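Engineer: What follows is each chain in one-letter form.
There are 2 protein chains.
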Amino acid sequence: MVNELLDCEHNLKVAIKAATQQPCPPLLAQALHYAIFPGGARVRPKLCIAVALANGNDNPRLAMMAAVAIEMLHSASLVHDDLPCFDDAIERRGKPSVHSAFGERIAVLTGDALIVNALQQITSCGFYDGDAQRLALVSQLITQGVGAPTGICAGQAWECEPTVDTATYHQCKTGALFVAATCAGAAAAGVDHQLWQPLGSAIGQAYQVADDIQDCIGSSAEMGKPAGRDAILGRPNAVHELGVEGAVALLNSLLNDGIGSIPHCSGRDLLISLVEKQSERFFPSGYHRRAA
Amino acid sequence: MVNELLDCEHNLKVAIKAATQQPCPPLLAQALHYAIFPGGARVRPKLCIAVALANGNDNPRLAMMAAVAIEMLHSASLVHDDLPCFDDAIERRGKPSVHSAFGERIAVLTGDALIVNALQQITSCGFYDGDAQRLALVSQLITQGVGAPTGICAGQAWECEPTVDTATYHQCKTGALFVAATCAGAAAAGVDHQLWQPLGSAIGQAYQVADDIQDCIGSSAEMGKPAGRDAILGRPNAVHELGVEGAVALLNSLLNDGIGSIPHCSGRDLLISLVEKQSERFFPSGYHRRAA
Numbered sequence: 003m004v005n006e007l008l009d010c011e012h013n014l015k016v017a018i019k020a021a022t023q024q025p026c027p028p029l030l031a032q033a034l035h036y037a038i039f040p041g042g043a044r045v046r047p048k049l050c051i052a053v054a055l056a057n058g059n060d061n062p063r064l065a066m067m068a069a070v071a072i073e074m075l076h077s078a079s080l081v082h083d084d085l086p087c088f089d090d091a092i093e094r095r096g097k098p099s100v101h102s103a104f105g106e107r108i109a110v111l112t113g114d115a116l117i118v119n120a121l122q123q124i125t126s127c128g129f130y131d132g133d134a135q136r137l138a139l140v141s142q143l144i145t146q147g148v149g150a151p152t153g154i155c156a157g158q159a160w161e162c163e164p165t166v167d168t169a170t171y172h173q174c175k176t177g178a179l180f181v182a183a184t185c186a187g188a189a190a191a192g193v194d195h196q197l198w199q200p201l202g203s204a205i206g207q208a209y210q211v212a213d214d215i216q217d218c219i220g221s222s223a224e225m226g227k228p229a230g231r232d233a234i235l236g237r238p239n240a241v242h243e244l245g246v247e248g249a250v251a252l253l254n255s256l257l258n259d260g261i262g263s264i265p266h267c268s269g270r271d272l273l274i275s276l277v278e279k280q281s282e283r284f285f286p287s288g289y290h291r292r293a294a
Numbered sequence: 003m004v005n006e007l008l009d010c011e012h013n014l015k016v017a018i019k020a021a022t023q024q025p026c027p028p029l030l031a032q033a034l035h036y037a038i039f040p041g042g043a044r045v046r047p048k049l050c051i052a053v054a055l056a057n058g059n060d061n062p063r064l065a066m067m068a069a070v071a072i073e074m075l076h077s078a079s080l081v082h083d084d085l086p087c088f089d090d091a092i093e094r095r096g097k098p099s100v101h102s103a104f105g106e107r108i109a110v111l112t113g114d115a116l117i118v119n120a121l122q123q124i125t126s127c128g129f130y131d132g133d134a135q136r137l138a139l140v141s142q143l144i145t146q147g148v149g150a151p152t153g154i155c156a157g158q159a160w161e162c163e164p165t166v167d168t169a170t171y172h173q174c175k176t177g178a179l180f181v182a183a184t185c186a187g188a189a190a191a192g193v194d195h196q197l198w199q200p201l202g203s204a205i206g207q208a209y210q211v212a213d214d215i216q217d218c219i220g221s222s223a224e225m226g227k228p229a230g231r232d233a234i235l236g237r238p239n240a241v242h243e244l245g246v247e248g249a250v251a252l253l254n255s256l257l258n259d260g261i262g263s264i265p266h267c268s269g270r271d272l273l274i275s276l277v278e279k280q281s282e283r284f285f286p287s288g289y290h291r292r293a294a
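If you read the protein sequences in the order shown, they are chains A and B.
Each number in this note's numbering comes from the position in the first sequence (counting from 1) with 2 added on.
Each number in this note's numbering comes from the position in the second sequence (counting from 1) with 2 added on.
The following block holds chain A by itself, in its conformation from the complex:
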């Protein structure tokens, strides 16, 4: 399984190399590379591939391109989220954000090109595999996680409304791409994607709680981005509502729910161990995962 997950990094390199080849304007080419490498934990693409592997992964190219697309779309959302008109974040992943390093115009275009080139990865699979329905389903699941009315763009747009339902906001802005990751992994492997929605949803919620905890008690250096932003921006945060102990308990409970929801499949045990391993980093130092 480790080889397949490392292969995701290789395929991200191939995708960015194609996007930045001649005659790509030099600044856009640099910014596209900068936005993707070095990456974060690559949680979403790993989850997508892990679900496909747990279900036999009989179309590995489609699962891999779905994973690559998901990571490129996630990165696009970070680049646009950091723009001056949104979070005006000067740092991301421990280095200047794309707009800090390359200017606002290149940052807008980097996000745009990452979206286009991400979705190009998925449809490229049609040249190799004749199953148009499976391709269409994987593509729909991923675009639903990003566009309107339920994806990241919609989630971000809730920040522009006078009133927001916090659950809907988080579900769109953070949860939707995790749901896309598990569902696209399942659909790429030809199994019922709906059974994999609860795992994506639970991990998405757990990730949001982990982010809330980090924002409150993490240092900016640890996070690679400024801490304490939720309080400054008046955003809902689980620690503000439940305290650190309560938020950690919620995190444990969400992970237990997610793992409990994993359907019967050939690679169930391996998938559970992977989810457990990946989620270790959700916990702040001094706190540990308590499995059900």
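No lab work stands behind these hints: they were computed from the structure.
In this text the structure is predicted, and so the values were computed from the model without any measurement.
The C-beta atom is built at its ideal place from N, Cα and C for all residues, glycine as well.
It is possible that some hints are incorrect.
Reference listing, derived: stretches of chain A covered by chain B, where coverage requires no fewer than 3 residues with Cβ under 8 Å from a Cβ of chain B [what the hints assert, rightly or not]:
| hint | segment |
| --- | --- |
| 1 | 25-35 |
| 2 | 111-125 |
| 3 | 129-136 |
We have chain A already, so just place chain B on it with the hints.
Structural biologist: Showing chain B alone in chain A's frame:
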């Protein structure tokens, strides 16, 4: 043929209705609709469908969804192009630009969502038609016209470079989506798309010259956007180089080249008459088309 072209407007409405349904945040929903309706001349989607029709159009859904996607992608590029960090345009199509009407944040997200939902239209065809290769080819041709290294994003990014080759700039920023329109129309109908590249390229260049002429001698009211921007922004303009007479002669010559390049196909005469009709509006008042 008229019915099929009108149907494009209907399918744009269906696409925007799907994108803006519950639970889409209200401002984003309004802005998505506002960016597409009422539209411009819909030159690109009409060209895409006309090429498919001229070639038998045996997969009309794929041709239509390609056309719809192309118009949504074009509109997305206008919304982002008008942003304060680029052209800072306050008007577009005779009304306030999206960022003037809804703010910069919603304008960024409207462009993003239009890109995602446009590409979603194309892959949705895979649920109805099993030809994954044709779907993949149409999708690749369109994404090549929009992303990096050769599409609209790349064209726009040349504006951020210290030196620019004017031909490359216009080819990416304006020409690429016209080439995508003719090539995707041909590919949707299952014929060799490469034969249709010269028509798209010539119309794209003609459109750019028409835009240059309008920018120099049109009024802001006629254009629905501010006139004289090229001189203010120091951009290359065919009228500055050739004078109005010279630019009109170039326009005529480009259209003759394009029409002359149209390959043998069942609907060649009808297509030529449509291109002639559409291109009438490229000419300023007092000047007329001179066919070869």
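Engineer: Going through the earlier hints one by one, which of them does the structure break, listed in rising order?
Structural biologist: When the structure is compared with the hints, none of them turns out to be violated.
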